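Asks: Here are the chains, one letter per residue:
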Amino acid sequence: MSLSYRIAYVFLRNLYSYKRFIVPTFLVSLVEPLFYLITFGVGMGAYMGSFGGKPYLHFLVPGVLVSAVMMSSSFECLYGTYIKIVHEKVYDSLIATPVSADEAVAGDIVWASFRGLVSGSLMMAVALAMGVAPASPFRLLFLLAFMVFIGILFGSLAMIVTSVAPSFDFFSYYTELVVTPMLFFSGVFFPLDRFPGWMKTLAEFLPLTHAVRISRAVFTGEPAAGLGWSFAALIVLAAVVFTISIRMMRKRLIK
Amino acid sequence: MIPLVTAAGLTKKYGDLVAVAGIDFEIHEGECFGFLGPNGAGKTTTVRMIHCVSPVTSGTLTVGGLPAGIDNRALKMMTGVIPQEINLDNDLTVQENLIVFARFFDIGRNEARARIAELLRFVELEAKSGSKISELSTGMKRRLLIARALINRPRLIVADEPTTGLDPQARHLIWQRLRQLKSQGTTLVLTTQYMEEAQQLCDRIVVMCQGKILKEGIPAKLVEDEIGREVVEIRVPPEEDGKVLAELSAFPCAHERVGDTLYFYCRDGHALMRKLIELDLPNTLNRPATLEDVFLKLTGRSLHE
Numbered sequence: 001m002s003l004s005y006r007i008a009y010v011f012l013r014n015l016y017s018y019k020r021f022i023v024p025t026f027l028v029s030l031v032e033p034l035f036y037l038i039t040f041g042v043g044m045g046a047y048m049g050s051f052g053g054k055p056y057l058h059f060l061v062p063g064v065l066v067s068a069v070m071m072s073s074s075f076e077c078l079y080g081t082y083i084k085i086v087h088e089k090v091y092d093s094l095i096a097t098p099v100s101a102d103e104a105v106a107g108d109i110v111w112a113s114f115r116g117l118v119s120g121s122l123m124m125a126v127a128l129a130m131g132v133a134p135a136s137p138f139r140l141l142f143l144l145a146f147m148v149f150i151g152i153l154f155g156s157l158a159m160i161v162t163s164v165a166p167s168f169d170f171f172s173y174y175t176e177l178v179v180t181p182m183l184f185f186s187g188v189f190f191p192l193d194r195f196p197g198w199m200k201t202l203a204e205f206l207p208l209t210h211a212v213r214i215s216r217a218v219f220t221g222e223p224a225a226g227l228g229w230s231f232a233a234l235i236v237l238a239a240v241v242f243t244i245s246i247r248m249m250r251k252r253l254i255k
Numbered sequence: 256m257i258p259l260v261t262a263a264g265l266t267k268k269y270g271d272l273v274a275v276a277g278i279d280f281e282i283h284e285g286e287c288f289g290f291l292g293p294n295g296a297g298k299t300t301t302v303r304m305i306h307c308v309s310p311v312t313s314g315t316l317t318v319g320g321l322p323a324g325i326d327n328r329a330l331k332m333m334t335g336v337i338p339q340e341i342n343l344d345n346d347l348t349v350q351e352n353l354i355v356f357a358r359f360f361d362i363g364r365n366e367a368r369a370r371i372a373e374l375l376r377f378v379e380l381e382a383k384s385g386s387k388i389s390e391l392s393t394g395m396k397r398r399l400l401i402a403r404a405l406i407n408r409p410r411l412i413v414a415d416e417p418t419t420g421l422d423p424q425a426r427h428l429i430w431q432r433l434r435q436l437k438s439q440g441t442t443l444v445l446t447t448q449y450m451e452e453a454q455q456l457c458d459r460i461v462v463m464c465q466g467k468i469l470k471e472g473i474p475a476k477l478v479e480d481e482i483g484r485e486v487v488e489i490r491v492p493p494e495e496d497g498k499v500l501a502e503l504s505a506f507p508c509a510h511e512r513v514g515d516t517l518y519f520y521c522r523d524g525h526a527l528m529r530k531l532i533e534l535d536l537p538n539t540l541n542r543p544a545t546l547e548d549v550f551l552k553l554t555g556r557s558l559h560e
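As they're listed, the protein sequences go chains B and Y.
Quick note: the first sequence, position 26, residue 26 per the numbering used here, numbers continuous.
Numbers given in the numbering used here equal positions in the second sequence, counted from 1, plus 255.
Keep in mind that the hints were calculated from the coordinates and are not lab data.
Computed from a prediction, not measured in an experiment: that's the story for all the values here.
Any given hint could be a false lead.
Capping the alpha-carbon separation at 27 Å, the derived lysine-lysine pairs in DSS-like fashion look like this [unchecked claim]: (1) Y/Lys-387 <-> B/Lys-89; (2) Y/Lys-437 <-> Y/Lys-470; (3) Y/Lys-552 <-> Y/Lys-530; (4) Y/Lys-268 <-> B/Lys-251.
Whole structure, please, built from the sequences with the hints as guidance.
Replies: This is the structure in structure tokens:
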């Protein structure tokens, strides 16, 4: 792989472009968490009694935080990158400069992670305003760093899909068959222990399950089983999908 | 003369399709070198290999003594590219397009600001610096592409059909700028389908067809060698060919029928013209031979699709 500090230049290009969309994207990023936290947390939570001695909202927030990061970073690397390749030809002009195709792709993944961080932070701000806060300020900082990592992971996964996408419609397979189901089978909205055994096993193969487990443990400060494994699994997966995504995008970009 | 670009047996394949079929050429430092050819001839593929965005399948290609390759940053640093397709960044303003590009080339903030002001003047876009790309005309966009290609003060400029879709004013302005760059010592590599453009700009050209180089040379000399000095066109129905040709058999001119027209290629068309006036044929034309005649002779008159 040919990666260098030039990744930052690609990030900078995206930042310039972002200036024009900053208000609408902030609004969307703010409305989405309100929607989740109010409908599920407050509305549904009222019927659900307490989760481990606390209101349902406290169970919900750590999971919704990482799902928001997953959603933003995935969409950025699906639609955002596809537009830059096929419609706007940004990649064509980039790879004719000393910035390599690998750096262009890595820069977009880092950018997607930043977009994830923005969504996650806004979600966190809403949660704080609703009185749901991480157990300590240090834990808050750790969660922000964790969001960056989760953004890289899901950005890279989405990038692999984009590398083979013939058109926009192709993304529906990924969003409807992978991303949305993952949201419901990863313990975001309810604990996994009510699932039958095979479904629990299946859930262990979903990266979001591990991200939610880590987020919840860090947020609440309550120890959870298998945290070390969850961390190790996500780090290995992120390294693998990041490498594959760059390889596959290089195939699409260089002919 | 020192060659800046040297290709030997240069080949590019996409699967089974041979886009460039083992060509040899040398581009000298400071000259304008043109690739001419119909659509699909392999011109763009060739220049994409020169500016290192498309890998060479086989053969050798060196630029400034270094082998061309997609990871060769040193070559990309010294090359400016004016692409065929307008790929300006629509999310950014004119100024921002250039700022971002300057960063790609490691140019510092202050240096970039100075160069951008100078380049916008050079392409006459100072007044548009804060405009969105969508507010520019096609001619302005093409000029901005030139400014963008010059941000790194390139030693080599690759211009892939730089005046496609432009009105004559815009085209002439771009030609002037390209000539100006050449006079400052920049080497230009140009692809074009416009023979006038090649004649205006190029010191040497190659005519390509189906991935091969058919002919190489100085434009004016190619015209003289391949066609002669003058062309006489007679628009008569093919049935009268026998009669006309019998009358004109004494003249030392090659002839060819294409569609509704008989073409005569002569050193000097005057005598032939006098005879035609005497025969009182309608629809005759005597004109200087051009590169277009060479092009059509070499690549054939059928459509290349």
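Asks: Now look at each hint and say whether the structure bears it out.
Replies: Evaluated hints:
| no. | hint | in the structure |
| --- | --- | --- |
| 1 | Y/Lys-387 <-> B/Lys-89 | holds, 17 Å |
| 2 | Y/Lys-437 <-> Y/Lys-470 | holds, 24 Å |
| 3 | Y/Lys-552 <-> Y/Lys-530 | holds, 25 Å |
| 4 | Y/Lys-268 <-> B/Lys-251 | holds, 15 Å |
Violated hints for the displayed structure: none, as all numbered hints are satisfied.
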